[in-house]
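J.: Numbering of the sequence shown is given in my numbering, commencing with residue 85 and proceeding in unit increments.
Note that these hints are calculated values from the structure, not bench results.
Idealized CB from N, CA, C, for every residue including glycine.
Just so you know, not all the hints are guaranteed correct.
To be verified - Here are the computed distance ranges between Cβ atoms for each label pair:
#, residue 1, residue 2, range
1, Ala184, Arg155, 44 to 50 angstroms
2, Ala140, Arg110, 42 to 48 angstroms
3, Leu111, Gly131, 26 to 32 angstroms
4, Gln150, Leu185, 54 to 60 angstroms
5, Ser183, Ala151, 30 to 36 angstroms
6, Ala129, Ala166, 54 to 60 angstroms
7, Ala140, His160, 27 to 33 angstroms
8, Arg115, Gln148, 45 to 51 angstroms
9, Asp161, Arg187, 45 to 51 angstroms
10, Gly131, Ala164, 44 to 50 angstroms
11, Gln120, Ala146, 27 to 33 angstroms
12, Ala178, Arg155, 56 to 62 angstroms
13, Arg163, Ala127, 39 to 45 angstroms
14, Val132, Ile186, 34 to 40 angstroms
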Amino acid sequence: MNPLAGALLLGLIVGAGGSTLYWHGRLSDQRARGDQLEASLGAQAEGVKLLKQAAARREMDARQAQAAAERAARQHDARAQALLQRRPPAGVDACTAASALIREELVP
85 MNPLAGALLL
95 GLIVGAGGST
105 LYWHGRLSDQ
115 RARGDQLEAS
125 LGAQAEGVKL
135 LKQAAARREM
145 DARQAQAAAE
155 RAARQHDARA
165 QALLQRRPPA
175 GVDACTAASA
185 LIREELVP
């Protein structure tokens with residue numbers, strides 16, 4: 085075999101091997117990046133899940149607060165209606181009776 089042809093053949097073999105190693109390294113880098121992205125997406129999905137749970141808890145708390153406010157308003161309305169139904173004692177004018185009712189409400 086011609087020494088020049090042998091050198092060219094050896095160069096092709098070494099070059100092909102180097103190229104294979106280069107692309108194998110690139111593929112490994114891409115796999116590592118893919119694994120990092122997958123882990124990142126998993127963490128983001130977990131974060132989204134936690135945010136949704138927190139939003140659901142806040143919504144439930146808001147519903148409970150609204151229900152409590154509605155109950156308090158109904159109780160207040162019932163007390164106001166009861167106070168309005170009360171008649172002042174005989175011989176007491178309406179202003180004095182109203183003042184007495186207000187004092188009863190303010191001073192338990």
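J.: So, for every hint listed, does it hold in this structure?
T.: Status of each hint after checking the structure:
no. : hint                                : in the structure
1   : Ala184 - Arg155: 44 to 50 angstroms : 28 angstroms, violated
2   : Ala140 - Arg110: 42 to 48 angstroms : 45 angstroms, holds
3   : Leu111 - Gly131: 26 to 32 angstroms : 30 angstroms, holds
4   : Gln150 - Leu185: 54 to 60 angstroms : 29 angstroms, violated
5   : Ser183 - Ala151: 30 to 36 angstroms : 35 angstroms, holds
6   : Ala129 - Ala166: 54 to 60 angstroms : 56 angstroms, holds
7   : Ala140 - His160: 27 to 33 angstroms : 30 angstroms, holds
8   : Arg115 - Gln148: 45 to 51 angstroms : 49 angstroms, holds
9   : Asp161 - Arg187: 45 to 51 angstroms : 21 angstroms, violated
10  : Gly131 - Ala164: 44 to 50 angstroms : 48 angstroms, holds
11  : Gln120 - Ala146: 27 to 33 angstroms : 39 angstroms, violated
12  : Ala178 - Arg155: 56 to 62 angstroms : 31 angstroms, violated
13  : Arg163 - Ala127: 39 to 45 angstroms : 53 angstroms, violated
14  : Val132 - Ile186: 34 to 40 angstroms : 54 angstroms, violated
Comparing the model with each numbered hint stated earlier shows that hints 1, 4, 9, 11, 12, 13 and 14 do not hold.
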